[in-house]
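Produce the complete structure using the sequences and hints provided.
Take a look at the letters that make up each chain.
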Amino acid sequence: MSFAIELKSITKRFGSFVANEDVNLAVERGKIHAIIGENGAGKTTLMNVLFGLLQPDEGEIWIDGEKKVLPNPAAAIAAGIGMVHQHFKLVPSLTVAENVFLGMEIRKGGLIDHAAQIRKTAELSKQFGLQVDPTERVGLLSVGIEQRIEILKVLARGARTIILDEPTAVLTPQESRELFQTLRGFVAQGMTVIFISHHLEEVMEVSDTVSVLRHGKNVASRPTAELSKSDLVQLMVGRLVSFDRLPRGPIAGKTVLEVEDLWCRDERQLQALKGVSFQVRAGEIVGIAGVAGNGQTELAEVLSGLRPSSHGRIKLAGRDITGRSAREIRAAGVGHVPGDRLVRGVDRNASIALNLLMGRQDQSPWSRHGIIDRTYLQQQTKALIERFDIRARSPESTAKSLSGGNIQKVVLAREFTGGADCLLIDQPTRGVDIGAQESIHAEIMRQRAAGKAILVISVQLDELIALADRILVMFGGTIMGEIAGDRVDEEEIGMLMAGVVPDPHSQTVDTV
Amino acid sequence: MEVLERLLNVTLVIATIRTTAPILLVALGGSFTTKAGIFNIGLEGQMLVGAFFAVIGTIASGSPWIGVLCGVAAALTLALIFALLVVTFKANEVVVGLALNILAGGMTVSLMKAIFGTRGSIFGHGLVGLPPLKLPNVKDLGWFGQMISGYTPLVYLAFILVPVLILFYNRARLGLYIRVVGEKPEAAEALGISITRIRYTASLLCGLLAGLAGAHLSLGYTTMFTENMSSGRGFMAVAILIFSNGDPLKILLGCLLFGFSDALSLRLQTLGISSYLVLAVPYLVALIALFALSYRSRPRVIQETLASMGRALSVKSNTIKPRTATDASKP
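One line per chain: the protein sequences are A and X, in this order. Residue numbering for the first sequence follows this note's numbering, beginning at -8 and increasing consecutively. Residue numbering for the second sequence follows this note's numbering, beginning at -18 and increasing consecutively.
Derived from the structure by calculation, the hints contain no laboratory data. You can trust all of the hints, since none of them are fake.
Think about it this way: if two alpha-carbon atoms lie no more than 25 Å apart in a straight line, the pair counts; the simulated PhoX-like pairs of lysine-lysine are: (1) Lys80(A) x Lys71(X); (2) Lys59(A) x Lys22(A); (3) Lys391(A) x Lys71(X); (4) Lys306(A) x Lys265(A); (5) Lys(-1)(A) x Lys58(A); (6) Lys59(A) x Lys208(A).
Here's what the structure looks like:
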């Protein structure tokens, strides 16, 4: 059997940390090979080694049966390997064709031949079924199309093996499905696809072979057909994890958070929210679903007082808090777990203790007469580190020395213990590994049981299904529809996420 | 009406072209750094040393062309120091730019004192300017011919550079890379385009044109060097660059506006209006134009002010009539 790619005993260390340990990976030609694993399992490191971005400390790389040394990405590209990164690197003011041929411009008489570039882009787009308009400016296009352009870039460079790093993280379910079709088209034309993901369902759906990485080691490489979803989870985490709907009691209380016809603008002065209304009751978890960038973040910011609303009303337990400052809103009883924890969640350079203190440094018993009670702070920090299972060397470790999941736990520990009746949680488990996800979810459920009104914003549907009593789907700044958490139809949510109102068999859909 | 006729005629157009050229040259230079994502406030200083060393070179060699070369070399040296500090050592662009401007101002004054023993200005000493270029066959074109002929060569260069730069940014690989480095450095990096090399190139191209602009000031626009003779043109160019985003055509429009008001102010002087007042005209016009343009293209500040005022009002209305809200929530 001929392999497109063979990695033999690859080991990559960063200082004392071993990112990849003795990894063997054989990728068959003409197959879609998925690589899954938790965050920090070494998937991206391994692919960076294969793409020449990192040099392995030990081991060999064989491409098409030949041993290769790849000192840089250019060498990998020359060997027929292309990589579509998680973060797109497109230039917004240039056209699609200019972006595709950037760095390898077609020139005539010393000048860039735009006509030829447009023609070639159209040809590639047709040959591989990646629909784009070569003359359009990239800045105006959606994420899904941007990804197509990134793939076209790779194809234009003559790649026969394409590595995609978490390609579906930014796509709607429909866009993901289109992508999968494209990928199947690639392998039908004899190309090879390596697909990094931690979405099990996708892996099951699209791949021929799966390799599971755990703690830098390849723990299994098997045909996908031989594995079930729970097998994969077990291989990834090393134990069983449930992502099913979490058990819960009935919703207890009365309305805590009331949002009425809320409007606001984003940084570019475009309408980010267009008349959003909903309520959250005590002891209820309301989920906000949607593809990132449809107003969810702005919603959380407006509710927490970080962004002005242009119209509408926010009431907390009947009290109008519209237009109040973030500080007043916190004091009124709203806890906010921001979507970008490194920017708004923590001070990266401050210790865990100080991060846990922030926002209540002027309140008794944390401080007295304007002086922080160090002893109390230390006690509380220790208690919170234990309760929230924050893995850190000491309470004085800086936030940036922690892993993403542990930073998130610091934020949760602060926000959940501030006595807030209403919790806004934006992306509770973004970039957090499955083990930590489980404990974060359990903590959110405990807050629900304690009678908190909880708004969870997430781009991960399975998370909302696990947590939410009701799911509101946002698209283009409006709420497209509402779905009960125990009667979720992924197809329906997917349609709503893409801005399509499905057949009115669900009675609560309202349009604006 | 008579006053208007005395003000607006072919000679005013000619004067406008003359006054536009130096600022156009330096602003086009700045377009390289602007496009490459460097905020280059050091244009003024590069222009000044260009003007000074063009004069020194001309006096020393007797040829204004060698003078131009000397001016360009001096501006390039300053541009190289700028690039070294900003690109390689990642120093703050504004601080470095300002420091080099101050250095240029002080250096020219003290060198003038050291070499010529005077302060103020240098003329004579065998200083010759660049010869004006008489275009052939323009007599047949009447007033139009009169309008386009007889400038010093760098004036023509400045205006020819506008379409050249448009072509450069759209069709030349280097121009494309400069834009990419300025707009999305990580994309350039991922494609193996060296950001450092491109930014150095842009800085030096900028120095080249700033040097030419300076040489034009002292050998074309006038035939002398005076203390601080760039008189804020470099800063004006920076202002034009900010609103034009480095686009050559918009730079041309901005520079023409400045050149026109400059020419007009010279005209107004002949009408016996206070010269101090009149000399402020071009800067005033430029400021008003900039404000008007940024008001239109970047209304954020204004919009935010309006939005917050609206919010304050709507909050007030909430507190005035809370009853309707409670009524509404009671079905």
